[in-house]
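> Read off the chains here:
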Amino acid sequence: MPDQVGLELIAGQLASRIPGAVVGTTFFRNRATVEIAPGTVRAVLADLRAEHGYRALMSVHGVDYYPQEPRLGVHYELLDMERVDRLTVKLRVSIAEPSVESVTPDWPTADHQEREVYDMFGVQFDGHPDLRRILMPEDYEGHPQRRDFPIGGEPVLFTHNDATSPGWTR
Amino acid sequence: MSTRSSYRALEESITLSPLEEQIAAQRGGETTELLTLNIGPHHPATHGVLRLLVTLEGEIVRELKPIVGYVHTGIEKTAEQKAYWKVIPVVERMDYLSYYFNAMAFCGAVETLLECEVPKRAQYLRVIHLELNRIMSHLVWLGTSALDLGAISMFWYCFRERETILDLFEFSSGQRMHTRYFQVGGVMEDIPHGFEAKLREFCAIMPGRADQYADLLRRNEILLQRLRGVCPLDEATLLGLGVTGPLLRAAGNPWDLRKAAPYTSYEDFEFKIPVGTVGDNYDRFAVRLAEIYESVKIIEQALDGLPEGPHITADRKIALPPRHELATSMEALIHHFKLVTEGFRVPPGEVYYPIESPRGELGCFVRSDGSSKPARVHMRDPSFVNLQATAPMVRGSYIADLIATLAMLDPILGGIDR
Amino acid sequence: MALTREPIEPGSFRSRQLLARDLLRGDLEGLELERHVEQSLLLTTLDKAVAWGRSNSIYPATFGLACCAIEMMSVVAARVDIARFGWEAFRASPRQADLLILSGRVSIKMAPVVRRIYDQMLEPKWAIAMGACSSSMGVFNNYAIVPADKFMPIDVHVPGCPPRPEALMHGILKLRKMIQDDPEMGWRQRYDAEGTEEVLPGAEPAGA
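Residue numbers (this note's numbering), protein chains in the order written: chain A, 1 to 170; chain B, 1 to 418; chain C, 1 to 208.
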């Protein structure tokens, strides 16, 4: 892990090379996280690969920060295999405008993982070669892992909302 | 009816016809008809419910698109509804052959968030069970892969060893699979009295048995023809696709998190990392077979060096007090009550904890918001990422090679679909 | 109130009830007696022999879904050996199989596939729901899982997560006994599935 100082250095260099990229840094439990503006993700990841040696993208996953806005977050876990260094890059988008540039053209590993984030959270990845649902059926409506999606898929029927019953419980 | 046809329309959106033009252009205008075949989700190559859309020219695979999601269980969503302690059995069922690893990744992430120290004995016990699980996972892989390739009797031999390992798991935790043995802060119970002796017996016979399997398969002409030189993939492509584990090691890159970023006392043990040279199917097979020997060595070292001490952290706010204390100590009773009803609270934060599972880097991302239930649990499953490497591997080879490659890839659909 | 006489259909429940009453009173004789005994005895000796043969050589379909599939493979392995009962011939094609062991969780994407495979199996066919997830959603009570009873008739439910191979063997032996005693098991009536009998080409569908 880069330590706190290293993290600030990286963030500083990113901010100077890509204006407006860095929104914040976090150093928590010995792990470094850089929060960036959503529109700059491809440039930031390319810069981290070229200048700082984080050549492996290990994971792309989504988080729903309900009820904090902006709600949807996408995390990119970067790994430098030579120095065994990990860095998390995260960005936040709102549900109203959930579009993020896809990093799949630069990092082929993000293909299925971005599809999963789209499927589960509804983040649109612009420029993704094939953005379809990957885990749910193709015609499923809704994004299941959002925090306000009911766990059972359909709301629990009490007497007051029984009129919306699908009927098979009768 | 209209939804059905729009579903079909969506399926047809997976277009494969530009490929025909591509091949025709390569051959100078000679067109060839490509056949799109649907393999799965129910098919006898027993790797779970994987569906492959394969475009064939004759018997040569030109394009491959995997379609997953047929065993998607919403485990990550279920985990948000349960206290941290109760998430462990749910998360264990993701990659259902390496259940200890799933539990380890999750417990590691929560322990990092809690800044909880795991006692040394618990760490060694975790290593023992993790390596036993690695051997068991490789045995099942070997049995089912040999079954796919036609060496049917390997299945029974591998499962004979697997039964011994499951007996050991049952000895220590009471359950054969999905044992819930790893808890946040340590392990659930100390190993019982005869466990060490039985484990040493197993370690004594396992290398011999692995030798027997190697004798059966390693120089077998049919296996060599089917695996040697088949579907190699170079290291750079694999790294670009995020592939880790035995697949990457077969291509020559000795990346193993047990050595690179040791966790749970792996730094105390001496073991080697088997590495391949060419990166074809035979190397993947040989790497996994060699890993079994290394795991036995680790288990023996862990047994020899097993320290005395508690098997779970002494922090009563995280771990249940031992039952005999409940009769005498009021505090123990209160802690027990709080832990069982509400569970422990984890300070807010986000952590990604990666470990080395039999298939590659298994990372658990936990986000906590200060309450007793996690706000997000995500497993970066190695099979999910490794599956993306299937298409580059099999383009240009035969269907039979596709089956062999799938076997050597070792996908576990529970981990892919979660 | 006028008394009306309605003819009792032969073969209906009421007629069989009356025949049984007559048998108990000792009033049935001759041809009637023979016919009644034939109808009411569930199996003739030939039927029994066929059921015994069937129960001892079931071809299960290879249908492993998730963790229970590994324990199902353990049942095939040497310690708890399913071949002792003649059931080791797992067939890949559902057309050749007569038992579907639903081992593992059925997700909503997979449920229509399972149903299609079950439909492709030829009668007589049976189904075992192995494990808690296929019987009843199991550990996961969420949007993605369907219990198998919602879309196909199941004959034996084996609880467990995953069930030990011995538990699955117990369920298998129970199914074997059920097949020996009563192969039809009336599942068509139980599951309201009349109208799903096979229609030979050129024949009229029964009941429509």
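Please note: incorrect hints may appear among the correct ones.
As the list claims (entries may be wrong) - Derived CB-CB ranges, DEER-like:
1. Glu69(A) <-> Phe337(B): 34 to 42 Å
2. Asp304(B) <-> Glu82(A): 49 to 57 Å
3. Pro112(C) <-> Glu325(B): 50 to 58 Å
4. Glu88(C) <-> Glu69(A): 39 to 47 Å
5. Ala50(A) <-> Leu224(B): 22 to 30 Å
6. Ala92(C) <-> Ala37(A): 50 to 58 Å
7. Asn141(C) <-> Thr26(A): 44 to 52 Å
For the record, the hints were derived by calculation from the structure and aren't laboratory data.
Glycine is no exception: its CB is placed at the ideal position from the N, C-alpha and C atoms.
> Hints the structure violates: just list their numbers, smallest first.
Hints 2, 4, 5, 7 are the ones this structure does not satisfy, whereas the remaining hints hold.
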